[in-house]
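Just so you know, the protein sequences line up as chains H and X, in that order. To convert, take the position in the first sequence, counting from 1, and add 127; that gives this note's numbering. To convert, take the position in the second sequence, counting from 1, and add 1153; that gives this note's numbering.
Hints were generated in silico from the structure; no laboratory data involved. Treat the hints loosely; a few may be bogus.
[What the hints assert, rightly or not] Calculated lysine to any residue pairs in the SDA-like style (CA-CA distance at most 25 angstroms, straight line):
#1 X:Lys1499 to H:Leu339
#2 X:Lys1484 to H:Gly143
#3 X:Lys1417 to X:Glu1435
#4 H:Lys209 to X:Asn1518
#5 H:Lys373 to X:Lys1484
#6 X:Lys1417 to H:Arg266
#7 H:Lys394 to H:Arg266
#8 X:Lys1277 to X:Glu1302
#9 H:Lys373 to X:Asp1315
#10 X:Lys1484 to H:Thr345
#11 H:Lys209 to X:Glu1302
#12 X:Lys1532 to H:Ser344
#13 X:Lys1532 to H:Pro293
#14 H:Lys209 to X:Arg1554
#15 H:Lys209 to X:Asp1315
#16 X:Lys1499 to H:Pro293
#17 X:Lys1499 to H:Gly299
#18 H:Lys209 to X:Pro1576
#19 X:Lys1499 to H:Lys394
#20 H:Lys373 to X:Glu1302
#21 H:Lys209 to X:Tyr1517
#22 X:Lys1288 to X:Asp1315
#23 X:Lys1437 to X:Pro1226
#24 H:Lys373 to X:Lys1437
#25 H:Lys373 to X:Ser1181
#26 H:Lys373 to X:Gln1487
#27 X:Lys1484 to X:Lys1407
#28 X:Lys1270 to X:Lys1288
#29 X:Lys1374 to H:Arg357
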Amino acid sequence: MRLEPITNPSLARSLGPPAVAVVATIVIASLLAMVAGANPFSVLGLIIKGAFGSQFAALETLNRATPLIFTGLAIAVAFKAKFWNIGAEAQLYAGALITVVLGTGALPWSSVALIPTLMVGAVIAGAVVLLVPAILKTRFGVDEVVTTLLFNFIFLLFISMLLEGPLKDPMGMGWPKSARVLSEARLPRIVDGLRLHWGFGLAILCAVVVWLVQTRSTLGYEMRAVGLNREAAAFAGIPVNTVLVKTALLSGGLAALAGFSEVAGLKGSLTLDLSPGFGYTGIIVAMLALLNPLGVIVSALFVAGIFVGADSMSRAAGVPTYLADMMLATSLLLMVLAIMLTRFRVVRD
Amino acid sequence: MKHASDVVLRLDAITKRFGKLVANDAISLSLRRGEVVALLGENGAGKTTLMNILFGQYTADAGSVEVFGQTLPPGNSRAALDAGVGMVHQHFTLADNLTVLENITLGVQSLLGLRVKKAETSLKIRELSDEFRLKVDPDARVGSLSVGERQRVEILKALYRDVEILILDEPTAVLTPQEADDLFATLRIAIANGLSIIFISHKLHEVMAISDRVAVLRHGKLVAEVDVADTDKTALSGLMMGVEAKAPDIAVAKPGKTLFSLQKVCTPNIKSMPGLRDVTLELKAGQIIGLAGVSGNGQAALADVVGGMRMPSQGVLMLGGETLAQWSPRKAVQSGIARIPEDRHKTGTIADFDLTENAILEGYNSTPFSRSGWMNWSKARRFTSDIIDKYDVRCPGPDTRIRLLSGGNMQKLILGRVLEAEPQIVLANQPVRGLDIGAVNYVHGQLLAARDRGAAVLLISEDLYEIMGLSDVIHVIAGGRLSPGFVRGSMTPSQLGIWMAGQGFEQSDLDGEVAHAS
């Protein structure tokens, strides 16, 4: 057996495999739930109900999707240029760190001045964190997969050190958490009384801006060219290394906004469990979206829906919450396979 | 001693087509016991296709393969191996993390039995390596070996399987001259032991040194089969390049002023590709300079230097009257150098970009395609549509992905991209390789038109006929050195062949400046 590329896929070929993958994900998820002891036919309903069945559930899903949109965009931007940023987790914490460093009283300003300052500060912090691997790669050819991945651990330990030391909240009863940010630093809610903050609005705005940059700007054209064929891009005069560094700055900045938005919009302070792996899940979000910035919104909602819905389902059906992770992994694997099948056909020799 | 009648391998009227291209046109070839036959030809002449048919990777459209009198079933990749034919590929097929011994026995013995037979196997490998003077440690890990040693492992692998016919694809491309000599010594022992060898190469001196007979392929046809004793390098290079047709009559242009020049330029060797050695060259307005030579003699380095991909390590580049302190692809584009790259698939275009995105690949960051950081796609699309009309690019439209186009249409889009702004300097590197005759004539017409409106054209080609047909002045490149310029019609193909074989340079070094031979 071998794979043969399809030069001009038909509509059925483009949509068929992903649709089958969605159905197969549901079937496998139901089987997993059955193994765990739940009624397989009620599982899907419980997940949908848990994710979107009530106003509270839907807002919870949107809140959960917010950091995923940021990290998903960060990955999508980087991967499009074939810059493998696996370190969105570290960049997220860098954004969160700046938010608490500047937002807990260092800058006694009004919201109008403080919030944009924290945002810009977070973006710069995330960009700087990714700048180091980018320079190592372009200057010395150091593999960015290794540097960005390992930097996640270093940075998390660094945060841990700060939370046990200088950033530790004196009123925190000894818990390793930072002081809460000023109320002027908090992102307001989109609708009064509903638990959804403007971080979500910012995420949607970023997705649109990134999409415009990729499709309409000169930089976006350069990034796509570098991603598709570095040799041809270099021959044509595109400054490949400069483009990679710019890509890294953009990617790191976007990931850092996830940290800013989680602290300023939701949690109010920095703890070591601020992110349950949003930086890594962002890779899944970006891959499911085929690296399309607008698609990232949809896939982030899908992934957040599975997390929130499966959480609620597991409580209702009395099965372990790990089911959510397994479903997500299943959906990703099947979707990657489906995407491959939209581009290649299997030929039997 | 040779047994003249003892034919071990016979290829009979092999024909293979890929679309319009005839890669092998009724090629018949036979190999006798204890004989070395060299398969000589330029890149794309059909050598690799022929060997792929022998090994069942491709099925021939017509013809048959016979080994020791038995016809091989077409399309069966094990048949040739089982019949005792071994091949050493240009790119090795070894597992880096296994030892030499493991690599050699891989696929021959059951891995479960290996432990038991290890001593015995090791002994056989040592015997073979002594006998054939292939010095290599059976217990060394392949990843730690040099390229030359890896090649010895490949040969041992074939010998271990008791092959009687050995095919070597460009075996010296990766070797130092010293290693190449060792290889030849091994091959002579192999012949003495009754093996038969097909030696694929485009290096004339090696072919002369090792083989008994030479089969020359050109454009898919077997153009000659000669005994080495009856020929010489010059004759072979003529056969390989093909100069039987007469050059078309093109008025010799009167050259204008020098637009671009290289003065005593050197570049370092990169891997097995030679760099430039003291190359001095002037590109003049209204003149086509042809660069003739056997491939791999510095053409790539010269193209890189002119095209902005490489800065010389020594020597001076001059654009107009100015010395270039910095040089890059973008500078070359901005200086009005039209660059037609050698590989239109890998460096000329981005396969998954559409025609529009490919058409603006060099000009995307300047007006009218880009203003203050944002693209103007409607202008880009209009530019592309104009190129499609003007340069006759056959395609569904500017939004088609370029990978769906034929080579000829892809090349026309590249021509449009680089020639539309009427550049003063044109660098055409193998501009017609792999194109059908219609596209070839079109590309040549465009190059002549560029010359006639006053551009300086540098044409690099391995096809001597193409060079002689189009160039006002011909330089020959060999081993990174450039011959003096010969004006149109002053040299015969065989005279150029002498230069291409690397002779005559010492003479000109003594003479000094450009000599117009007559």
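Satisfaction of hint between Arg266 of chain H and Lys1417 of chain X, Cα-Cα up to 25 angstroms: Answer violated: Lys1417 of chain X to Arg266 of chain H is near 30 angstroms, above 25 angstroms.
If you draw a straight line from the CA of Lys1499 of chain X to the CA of Leu339 of chain H, is it 25 angstroms or shorter? Between Lys1499 of chain X and Leu339 of chain H the Cα gap is close to 28 angstroms, so the pair fails against 25 angstroms, i.e. violated.
Please verify whether Lys209 of chain H and Glu1302 of chain X have alpha carbons no more than 25 angstroms apart. 35 angstroms, violated
For the pair supplied as a hint, Lys1270 of chain X and Lys1288 of chain X, confirm whether the alpha-carbon distance does not exceed 25 angstroms. It holds: about 22 angstroms lies between the C-alpha atoms, which stays within 25 angstroms.
Compare the distance between the alpha carbons of Lys1374 of chain X and Arg357 of chain H with 25 angstroms, and conclude whether the hinted pair is satisfied. 36 angstroms, violated
Given the hinted pair Lys1288 of chain X and Asp1315 of chain X, is their alpha-carbon gap at most 25 angstroms? With a Cα-Cα distance of about 18 angstroms, the restraint between Lys1288 of chain X and Asp1315 of chain X holds, given a limit of 25 angstroms.
Within 25 angstroms, alpha carbon to alpha carbon, are Lys373 of chain H and Gln1487 of chain X? 23 angstroms, holds
Does Lys209 of chain H pair with Asn1518 of chain X here, judged by a C-alpha cut-off of 25 angstroms? 21 angstroms, holds
Would the hint linking Lys1417 of chain X and Glu1435 of chain X be met if the CA-CA limit is 25 angstroms? Status holds; Cα separation ~11 angstroms.
Against the 25 angstroms threshold, does the CA-CA distance of Lys209 of chain H and Asp1315 of chain X hold or violate the hint? It is violated: about 46 angstroms lies between the C-alpha atoms, which goes past 25 angstroms.
Given the hint that Lys209 of chain H pairs with Arg1554 of chain X, test it: the Cα-Cα distance must not exceed 25 angstroms. Roughly 20 angstroms separates the two Cα atoms, so the pair holds.
Do the alpha carbons of Lys1484 of chain X and Thr345 of chain H lie within 25 angstroms of each other, as the hint requires? 18 angstroms, holds
Violated hints for the displayed structure, listed by number in ascending order: 1, 2, 6, 7, 9, 11, 13, 15, 16, 17, 18, 19, 20, 23, 24, 25, 27, 29.
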